[in-house]
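A.B. asks: The primary structure of each chain is shown beneath.
Number of protein chains: 2
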Amino acid sequence: MTTTTNTPETTTSIVKESAFLKELVLQVRAQDHYGVYRSWSDELVLANFVVSKEKKSKISVEGDVDPATQLRVLCFYRAIASSIEKQTGKLCQAVIDLSHEGFGWAIIWTGRLMVVSRTLRDVQRFGYPSFEKLAAQGERLVNSGIKNIEQYPKAADG
Amino acid sequence: MTTTTNTPETTTSIVKESAFLKELVLQVRAQDHYGVYRSWSDELVLANFVVSKEKKSKISVEGDVDPATQLRVLCFYRAIASSIEKQTGKLCQAVIDLSHEGFGWAIIWTGRLMVVSRTLRDVQRFGYPSFEKLAAQGERLVNSGIKNIEQYPKAADG
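Sequences listed follow chains A and B, in order. full-length UniProt numbering numbers the first residue of the first sequence as 1 and each following residue consecutively. full-length UniProt numbering numbers the first residue of the second sequence as 1 and each following residue consecutively.
Treat each hint with caution, since some may be false.
Which copy? The list can't say, so a pair holds if one copy fits it or any two copies do.
To be verified - Pairs of lysine to any residue, SDA-like flavour, derived with a Cα cap of 25 Å:
| hint | residue 1 | residue 2 |
| --- | --- | --- |
| 1 | Lys154 | Arg140 |
| 2 | Lys22 | Pro129 |
| 3 | Lys133 | Gly35 |
| 4 | Lys16 | His100 |
| 5 | Lys147 | Ser41 |
| 6 | Lys90 | Gln151 |
Hint data in this document are derived by calculation from the structure and do not stem from the laboratory.
The following block holds chain A by itself, in its conformation from the complex (with noise of 0.2 Å):
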C-alpha cells in the first residue's frame, strides 16, 4: 500500500467512542515492537484502515500483498476474537490465510465453532471508505460471531 497515512475526511471523535475502534487500536499498538506510534494519536493508528474508493481503484492486485496490509487485516480479525472474547468470555483464535494473490480466508474460532469465516479477495486493497464503515463492519462482524456462539453453545464449548 502506501507509506504515507491517510487523512480521513470524517470527524474522528468515533475513534474514542467506537469499541471495536478502541480494540483495534490495541491489536496495532500490540505490533508496534520498536514505539513507532507511541506518540501518535488514536486516529493516526488507525488511518491506514481508512481508503477511500478513488485510492483503492488505484492500488493494483496483480502484485503480492505487501506485509504491512497482511498486518492489517490480522490485526483487523484479532480485533474482532478479541472483542468477541470480552462480551462472551469465549477464548478466540484468529488465523489469515493469503495467496501471494490476495486471495485466502480469514478464521476466527472457539472450542469446535467456526465463530467467523470469511473468504478474502483484493487484500491488496483492504480498507474501508470512513471509521464509521470500519467501524460498523467490525461490529457487525462481532455480532455475528456472538450469534454463532449463542447458536452453537455445545460446539463453542467442543
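Using the hints, position chain B against chain A.
C.D. replies: For chain B alone, kept in the frame of chain A given last:
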C-alpha cells in the same frame, strides 16, 4: 526438506492398501504442475513424508520452513479433509497457518464446525518414521474428524 528422495526402510505395499495414503498420493500429484512425478511410483511420490528420527535430529529448526515442506504439510491435511469429505459427504476446507519459525495451525472445517484443529511446531522436521506411521496418523485424524461431525451435526450443517 532434502531434495533427494528418502529410501524408506519399510515394505511399501501399504501405499496400495491404505485408503489414506492413496488419497495423499492424489493430493501430491495434484500439485505436480510440470509432470515431474508422472513416471514415479506412488511410493516414490510419498517418500519425502517418511523422515527417520535420526534424520529429523539433523534438520535445523532455526531457519524458515522451506516451501517444499510447507506444501507437504498442506497436502497431508488436504488428504485428511478429502478423506473426511468422502466418508461424510460434507465439504471440508483445509488451511495451514505457519509462522516463519515453524509454528502454526492446521485447520479443517465444514459448515460452522472445526473438524480438525492442531497446533504445529518444528514444522521443518515434518514427517513420520514409516509409511505405516504416516497412514496411522492420517487415519487417526480422519476418524477423529468424522467423530466430531457426528457429535456436532448442527454446527457441521451450519
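A.B. asks: Treating 25 Å as the Cα threshold, decide for Lys147 and Ser41: within, between, both or neither.
C.D. replies: Neither, since 33 Å and 50 Å both go past 25 Å.
A.B. asks: Taking 25 Å as the upper bound on the Cα-Cα distance, should Lys133 and Gly35 be classified as within, between, both, or neither?
C.D. replies: neither (28 Å within a copy, 48 Å between copies)
A.B. asks: Which holds for Lys22 with Pro129 at a C-alpha limit of 25 Å: within a copy, between copies, both or neither?
C.D. replies: Close inside one copy (18 Å), not across copies (49 Å); limit 25 Å.
A.B. asks: Checking Lys90 and Gln151: alpha-carbon separation at most 25 Å within a copy, between copies, both or neither?
C.D. replies: both (14 Å within a copy, 20 Å between copies)
A.B. asks: At most 25 Å between CA atoms: does that hold for Lys154 and Arg140 within a copy, between copies, both, or neither?
C.D. replies: both (23 Å within a copy, 23 Å between copies)
A.B. asks: For Lys16 and His100, with the copy left unspecified, which applies at a CA distance of at most 25 Å: within, between, both, or neither?
C.D. replies: neither (35 Å within a copy, 36 Å between copies)
This entry does not satisfy hints 3, 4 and 5, going by the numbered hints stated previously.
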